[in-house]
Amino acid sequence: MERIIKNILKLKNIVKTFPGVVANDYINLQVKRGSIHALLGENGAGKSTLMNILAGLYASDSGEIYINNKKARINGPKDSINLGIGMVHQHYKLVDTLKVAENIIIGLPEQKWMINNRVLFDKIASLSKKYNLLVRPNALVSDLSIGEKQRVEIIKMLYRNVEILILDEPTSVLAPQECQNLFKTLREMKGQGKTIIFISHKLNEVMDIADMITVLRNGKVIKTMKKTDTEPRKLARMMVGKEIESISKNILKDLKRVEPVLVAEDLRVLGDEGEIVLNNISLSIKKGEILGIAGVSGNGQKELAEALTGLRPLVNGRIFIQGKEMRSLKPINFINNGISHIPADRIGVGIIPDFNCIENVILRIYKKKPIKKGLMLDFKKASEIGNQLLNRYDVRMSSSYMPVKLLSGGNIQKLILARELSCNSQLIIAMHPTYGLDVSVLNKVHKFLLKEQENGVAILLISEDLGEILTLSDEISVMYKGELTSKRSRKYCTIENIGYAMMGIDKEIKEEKL
Amino acid sequence: MIKIESRRTTQISTAIWVGILSVLISLLISIIVLQFMHYHPIKIFLTVFSKTYLRLDGILENLVSLIPLSLCSLAVVVPAKAGFWNIGVEAQFYMGAIGATGIALAFPNLPGLFLISLMLVAGILLSGLFGFICIIPKIKWGVSEILTTLLSIFIVNYFVKYLVYYAWEDPKTVAAQTPEFVNAAKLPILIPDSRLHYGFILAVLLVLGIGFILKRTIFGYELRLTGANPRGAEYAGIDIKKYAYFSMIIGAALAGIAGVLEVSGVVFRLQPTISADYGFSAFVIAWVSRLSPIAILFIGYLFSGLEVAGFKMQMMGLPSSIVAMLKGLILLFVLAGETLTFYKFSWVREKKKSEKIKKIEKAQISN
Amino acid sequence: MKEASKKLMDFRTIVWIISMGMTAGTPLLFSSVGEVLSERAGVLNIGIEGFMLMGAMTGFMVSYQTGNKWIALLAVIGVCCILGLIFSFVLITLRANQIAAGIAFTILCAGLSTILGKPFIGVVARDTFKKLTLSSLDKFPLLQLLFKKDLLVFIALALAIIAWVFVYKTKYGLHLRAAGDDPSTLDSLGINVIVQRYIYTTLGSILAGIGGAYLSLAYSPSWIEGMVAGRGWITIAIVNFALWNPLYAIGGAYLFGIFYILSFRLEAAGIAVPSYFLRMLPYISPIIVLILSKLRNKKNYMPKYLCLPYIREVK
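Protein sequences appear in the order of chains A, B and C.
So the number in the numbering used here is just where the residue sits in the first sequence, counting from 1, plus 137.
So the number in the numbering used here is just where the residue sits in the second sequence, counting from 1, plus 285.
So the number in the numbering used here is just where the residue sits in the third sequence, counting from 1, plus 653.
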């Protein structure tokens, strides 16, 4: 009789590098059959990269994968699927214009050429029932809610008889009830002998659902342990590493009598699909204050930044800058009133990829003297001032005339900062300013922002990175599903009470008993 | 395994090589096709091309064709820099010619300079308006300007035929043409014993001027930004709709000026055939020149030589449509060769393990 | 009595117009179905005008030289297949700009077809597609109008319906739609997007060639330069207007066929507009129809990755 192998999956010394960064640094991992195994870590820790290698989308630089103690050769997604591995990605791989049933069977070799809806629907229905995954086979994917889309992705994998199901940040966009439904499904799958790998950065959920937990940080495995052998505080410390390093920051003077730079009243904004993404949001920022808005992305942050810079129309609401109401909501008016914007989409919106560094860095000041000379651009002055800016903000490039798209992500961000922080703004709206940047650049960016604060500039910091929010902010607010909690002073905020608000469990940031 | 990666810098030298090779290969293919059809092209090619490019009267004729070709190429370039396709240059050319003809036939008694200025204004207004009409469906309803400009070619073609056969027909002949213009409506000749007229100066000035505006003025800078990244331009505060309208109107007006210059400088009447396919040639020239106004003058010169050569070839028994074939082939090869300038093809083997580990260690140190 | 016959006259005229519209629209139907397939896979083939020209010229030439219209049709398929593969290579593998390459290709085909077709200008056709002699319909004048057409009209109609079934009811249709709407997802499921695009672009070219051949072998059997007269561009409008659905393309193609016919019919009816303006009708109508269609349909049916070369991220 065959021995049932304990470890269905073994990863040995997996290494994966991208230019300038080691995403996976000799990772060793063992996953028991029939368990729910969580990969826990912050953004950029290397969790998704590792699983993408397992799913056949990336090729590892070195290392080995063993399935049921047999060495596996994974050269592409087809190989993974044949080995019984299926991955549900963070950004769902579903074709929006096709129906649910069509998405489930697409690419399946066993599928006959003519699609028989009845047979298909029956099989989907039975899977639905078995695993508590309610889906509508005839609906168009573009009409589904995010929770439904996730269920379709899972059924898609089950239809292909996966044994190992990988879920990448499955709960980041789910409501609490949908989370519980998902967990019910996962437990049912575990009962049927399936193995589940659960990638997440959310401590409490991991503590809820996982049997085994592996913490990753900076591409390395910190520790693997049973859930019962640990608790959230220990996990948090392992995830973040050292104590949150406090960059020396001037304690804010009493700002009670200072006029707010920006006041937004009852903003109601629609998203790209016509749904409400900002639901009567109000906020105000004083001169010299850093207001940090924490929250998982997808809760309306991008749309908030766009609404406050004229890139997205308001259905309702008013915006006041220095007490003056903004009647015309065009981007140029916000710019002329001293609002700078460091956008979320660095490359798509933040730069002009084919233009050179000088042309990009002067984008906020080319209409002012001395670069503007009558109807013309004074290129000599532009070069002079541009180079000054690029140097001041430490932008590394081989020539300031090279196309900016060839710069590394960190340098592109520094260029955007050079541009946005040097035009005498009153308010800087910074969205995810250090997303995807390594630690040295990250610290530089923070230093630049703090310097602006010293000069009296107000900063609206919108970020997923709690560490960043806690490091820089004077006041903190949390955004959840289009609603904003009230501000709370940094003194009273911790990872826990902010975290609960981020998860929507608390409607406001609770008072922490110190 | 063939690996394709983006090049760090686009090499101009590669672009020039690609251009030269494209022309040579296109010529080769054309010769093969002609031989297949039992013509004897090589001798004719040599005679014709040397006459066109190496003799003074050939050179001057080329410059005459360069006027409409360069302006029409600009008509493609300006909207392209703003991110729009103006493929219907042919239609805008004729609209300009129609405007000029209308004025010339209606006011034959005005003094020369005034009459010609009026003709220019009429041509610019008509063609500019036409360009505006072609871009509105795109801005307001999302209907591609490719379709509106392309279909407009046929519409305007029929309009010209109507004018030439009915409204403005020349009562003296049955030929498809309007009466000849009075002398006041004709542009004076720049170089005696040739057909090169004063329009040449205007054309060159416009090419240099537009190049200057695009590169050095704020208007040009914002226009180019709109074309390079519309979302980024919007984020920088630019009104992208304004540049959509302006770029098409200016482009169409340039083509219209070409039309005016052609009827008042070369043909002296309106006919349905005054454009020897200038519209599509302009498209080819604009692309091969990589949308650079200066390059348009040189490459435009080469192509105008081709046009002139085409006529001469026809007189020597070769079908003139070989020129169309050449144009199409050259552009196709240039486009095909563009991948060589933007991407680098390399042969990649599986790297040895030790190399990879060295790479990792290097990356770790720099972190 | 006079009243009744007048009514019948009008009705008869309408049926006649629709019937003639079907014939006139058949070349457009062939090319539209082809372009729907090509664009659904993500490739914009602006070279259609060129393929139609080559199809028209090749069809006429081979039919004249062999005296057999079916061999001519086969030759058209062969020639357009080769040209289509070359064109696909430039667009898909070399990732050239699809619009510029399409225009280049059209210019090239215009020149090539003129040169190769020179000996055949004004020549009388030898073997063409004639109307079917459905003698059983002789008793029904109206049905006769509608159905006494050459075989290719019905082939075009059948192809459109088959294409519709293919796209919406088969698993290959799913692959096709995904290739244009979400190629990376399709790729991650193991289907080669590049191969898909090659197949459908070439198929589209072949169908366009057949559409062109219809012009020279059935509609107005002859070879004239400029025979295609912009039908390739109108095809692109039809595909947009038909929301990339082969079944709607039937309506679109016949509609524009009717516009072609109308311009001559109105002239014959003695309408007071100069004939040249009437002939603009088939070229103005696509734009107006498209504007109306966009006003009604807020949803965007265009394949999301149309015109964008697919680059597989090798990591």
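No wet-lab data here; the hints were simulated from the structure.
Quick caveat: nothing in here was measured; it's all calculated off a predicted structure.
Quick reminder that beta carbons are idealized off the backbone N, C-alpha and C, glycines included.
Among the hints, erroneous ones may be present.
What the hints assert, rightly or not - One-sided excerpt, in silico: chain B residues whose CB lies under 10 Å from chain C: (1) W302; (2) I305; (3) L313; (4) S315; (5) W370; (6) F392; (7) S429; (8) W453; (9) F618; (10) E623.
What the hints assert, rightly or not - Only pairs whose alpha carbons sit at most 25 Å apart, straight line, appear in this in silico DSS-like list of lysine-lysine: (11) A/K517 x B/K526; (12) A/K439 x C/K957; (13) A/K423 x A/K647; (14) B/K500 x A/K439; (15) A/K504 x B/K526; (16) A/K286 x C/K947; (17) A/K147 x A/K439; (18) A/K504 x B/K500; (19) A/K504 x B/K527; (20) A/K249 x C/K822; (21) B/K526 x C/K952; (22) B/K527 x A/K505; (23) A/K510 x B/K527; (24) A/K215 x C/K824; (25) A/K467 x B/K527; (26) C/K947 x A/K230; (27) A/K542 x C/K792; (28) B/K526 x A/K467; (29) A/K509 x B/K423; (30) C/K952 x A/K236; (31) C/K947 x B/K526; (32) C/K951 x B/K527; (33) A/K236 x C/K783; (34) B/K527 x A/K506; (35) C/K822 x A/K236; (36) C/K824 x A/K230; (37) A/K504 x C/K822; (38) A/K509 x B/K527; (39) A/K143 x A/K169; (40) A/K371 x C/K947.
CA of C/K952 to CA of A/K236, is that 25 Å or under?
holds, 16 Å
Regarding the hint that B/S315 lies at the interface with chain C, is the smallest CB-CB distance below 10 Å?
Result: holds, 9 Å to nearest chain C Cβ.
Please work out if A/K504 and B/K526 have their alpha carbons no farther apart than 25 Å.
holds, 19 Å
Below or equal to 25 Å on CA atoms is what counts here, so check A/K504 against B/K500.
holds, 15 Å
Starting from A/K423, check that the Cα of A/K647 is at most 25 Å away, please.
holds, 23 Å
Are C/K822 and A/K236 close enough, with their CA atoms no more than 25 Å apart?
holds, 12 Å
Is the shortest C-beta separation between B/L313 and chain C less than 10 Å?
Check failed: Cβ of B/L313 comes no nearer than 14 Å to chain C, outside 10 Å.
Pair hint outcome, B/K500 versus A/K439 [Cα-Cα no greater than 25 Å]
violated, 34 Å
Does B/K527 sit within 25 Å of C/K951, going by the straight-line distance between their CA atoms?
Status holds; Cα separation ~24 Å.
25 Å Cα cutoff - pair A/K147, A/K439:
This hinted pair is violated, its Cα atoms lying about 39 Å apart.
If you draw a straight line from the CA of A/K143 to the CA of A/K169, is it 25 Å or shorter?
holds, 6 Å
Report holds or violated for the interface hint on B/W370, using the least CB-CB distance to chain C and a cut-off of 10 Å.
holds, 6 Å
Comparing the model with each earlier hint shows violations of hints 1, 2, 3, 6, 8, 11, 14, 16, 17, 26, 27, 29, 33, 37, 40; every other hint is respected.
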